[in-house]
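J.: The chain contents come next:
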Amino acid sequence: MNETLHYTSPAHGGWGVIKIGMLVPESYQLFVCPFACGRHGSIGASVENLKDRLSYLYIDQSDIIDGYDDLIVEKVPEYLELIAPRRPRVLFIFVSCLDDLIGTDHDAIIQRLSEKYDDIIFRFCHMNPISLDSSSPPPVTMQRNMYALLESSGKKKRSVNLIGNLDDVDAASDLRSFLSHAGYTAEHISEKKDFDSFREMGDSAFNLVIAPQGVYPAKEMEKRLGIPYAFLPVSYRTAEIKASYESLGNILGIDGYDFSKDVENAHLSVDKTLGTIGSYPIAIDQSGVMRPFAAARALLELGFNVKMVLSHKPLPSEEDDAKWIESSHPEIAIEDPLSHIRAKVRDILPECIAIGAEGAYITGSVHPVDLTWDAGLYGWHGLASLCRKIESAYTGQNDLESLIRSYNLVV
Amino acid sequence: MAKLSIYIPPFSPDYSGVASTFFDLNAIAVLHDASGCTGNYTGYDEPRWYGSHSPIYCSGLREIDAIMGNDQKLIDKVIAAQRDIKADMIAIIGSPVPMVVGCDAKGIAAEIENATGVPSFGFDTTGTAYYDKGIGMASAELIRKFTISAPQIPGSVNLLGANAIDFPSGQIDSIRALLEENGIHVNASFPYGITLSALRTLSSASLNIIMSASGIEAARILQKRFGTPYLIGLPYGKNGASSFINRTRNALNGKYEDIISTGNDTARILVMGEAVASLAIAEALRMDYGYSKVATASLFSRYRELDGKEIIYVEDEAGAKKLLSNDWDIIIADPLYKRLAPNSKSRFISYPSYAVSSKLHLDMIPDLTGSNFNEFFNKERSKS
Chain A
5 MNETLHYTSP AHGGWGVIKI GMLVPESYQL FVCPFACGRH GSIGASVENL
55 KDRLSYLYID QSDIIDGYDD LIVEKVPEYL ELIAPRRPRV LFIFVSCLDD
105 LIGTDHDAII QRLSEKYDDI IFRFCHMNPI SLDSSSPPPV TMQRNMYALL
155 ESSGKKKRSV NLIGNLDDVD AASDLRSFLS HAGYTAEHIS EKKDFDSFRE
205 MGDSAFNLVI APQGVYPAKE MEKRLGIPYA FLPVSYRTAE IKASYESLGN
255 ILGIDGYDFS KDVENAHLSV DKTLGTIGSY PIAIDQSGVM RPFAAARALL
305 ELGFNVKMVL SHKPLPSEED DAKWIESSHP EIAIEDPLSH IRAKVRDILP
355 ECIAIGAEGA YITGSVHPVD LTWDAGLYGW HGLASLCRKI ESAYTGQNDL
405 ESLIRSYNLV V
Chain B
483 MAKLSIYIPP FSPDYSGVAS TFFDLNAIAV LHDASGCTGN YTGYDEPRWY
533 GSHSPIYCSG LREIDAIMGN DQKLIDKVIA AQRDIKADMI AIIGSPVPMV
583 VGCDAKGIAA EIENATGVPS FGFDTTGTAY YDKGIGMASA ELIRKFTISA
633 PQIPGSVNLL GANAIDFPSG QIDSIRALLE ENGIHVNASF PYGITLSALR
683 TLSSASLNII MSASGIEAAR ILQKRFGTPY LIGLPYGKNG ASSFINRTRN
733 ALNGKYEDII STGNDTARIL VMGEAVASLA IAEALRMDYG YSKVATASLF
783 SRYRELDGKE IIYVEDEAGA KKLLSNDWDI IIADPLYKRL APNSKSRFIS
833 YPSYAVSSKL HLDMIPDLTG SNFNEFFNKE RSKS
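Chains as they are written, first to last, in my numbering: chain A, 5 to 415; chain B, 483 to 866.
Keep in mind the hints are simulated off the structure, nothing from the lab.
Listed next, the in silico PhoX-like pairs over lysine-lysine satisfying Cα-Cα at most 25 angstroms (straight line): (1) A:K23 - B:K841; (2) A:K79 - B:K803; (3) B:K804 - B:K485; (4) A:K317 - B:K555.
Put together the whole structure using the sequences plus the hints.
T.: What follows is the structure in structure tokens.
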């Protein structure tokens, strides 16, 4: 893709670092930044009823010139007084893009604060989209910070952490029954009600990374806590689903689980959906699934009529899929949702089922699918659910503007 | 000076004000940032964004380009966009990172204008000032560049500070209609609904009405360059609107009466929000309900044109908390401020400000034009 000015559609955005960080129970967030940097996160947090754990220390130009290391140490006590009687177990101190350029000594600040408040864990976090093209963009560094809080008690639990995905995997997923077949429980941060039970994820036997942003934190956990991991991302390709379960089974020593019912259900869903929508066009984009090229390939292999993929660029884990589409299906349009022409040129495929709100907005799709970043989907159940969602979008009346509003996307 | 804010969200910033000013013009407006600043504007400060085709963009600034001062990348992207968009003008809008690295938005704009031949603007906005300042600086630059000396239309007015942040849901159309019904011709509203041709002939109006503090900068420059006088106010309340219409007519005839400030001493009612709107609500309460003392508070920037009106400027959350803790009978303010006075016995009337609470309460933002104010106030006052 050519680098252009970026168009920001109303469907652009995601969870944002605030909502991600708020998954840590009993954590609070103090942003230290020019006031403007906090506006989207603050309103977004209000919509999610998370604002009570989010506060700001606004800095101005003179604070930036002078450096605000001392200021943070000086203002944190005042902040803690103002939020009392609430008391954070963890205080995430966020800085924004400009902090990358001025050399704030985060470690020294943490040390000074930790000496003063031994009951609070302090961590610096970065809301710095200026680093989006690096190997550590904000959604990754945020998860690194979160999982760096885990500790091992020394005893191993027969549990598997699901890492990277922000929504938990559906309760009915075959992943859960597969794991429980061998006595493993699936652990996800969103289920944790308090900080101590979250921290116990550090005793898990294994980290299953199912979304790319979890790879880096899982690597660190392997090094620090000795928890092995595997990156077996959400996939809708039948061969990959099978291969992922085989890998997982080999790693965890799970055998004898009978997938036949799950496979049959998935194929029934595929057939039923194909029977309903026939060759009706499908557009797929990176706001609906994490890996749109991989998902497009899966749907093509299953017989769906994928006409368009909307993506700024493929993720590393789907580069092969992007190449496969380019060589095997050159007729499929690849569109960049960020391209400057999107301000003017939209409604490019109104008669389509759009998997992903951003693609739906740009294509002008009359059939938007209600799905964000594979939420809840994994394995055979994930494939079946995706098909049901496609069918539902085709036969139902999803209103895109309402869907976008309900997603509360933060750029 | 650093300020803690525990409950109230950050307000709409200067760069959103600039972008909002260019929204109705066929302008490539580029927020020079990584993504979040543009997200503030498109997601929380621009109620017209969904479905619009305004070519307002994010530059996609990345760390290496900021550190290396690689302005050429931005210039190249803008030139490429202009080839496709064919805009009438281009604006480069600063944000905190360009501020820190000393980016020269005006210089970049000059290079772009040189390369494209398209009128270009640069704004060194920083994210440390409020939206009204951004609207003011963009309005002033647009007037300097485009407004020509045009024949004056007797009895006509411009609506300045008419912007989509202070008036997000059709209020400007109501005010315009009210003026027209009373025989006062509206030459243009600016920036809301402005066209390039209307921008050129802003000088045709005989009077400028400042509808929000964001219009003060435009009024200043139109007065300086074309001698156009201005009046501050909004037609809120049945009698308040009559008074406003009379003041406008008088001003068109050369007799200027300032909006009356009712004074803060011994006031029992507090109106807190945008400065001109607060003054207009106070006037409506006086004209329509006989409340002689109403305190008015502004959450945003100070302007010398508002000096002497006894406006209380709320500097931060602590200041707001202190002000709200006074023994008021009635507080009229954004509903988020209720949180700062949990034990207050005052009747709290929710009057959302989009620059504060954005889309959280967008559907509650009232149109207070004329007798709408009375309906609003009567209804809110009667709530138990």
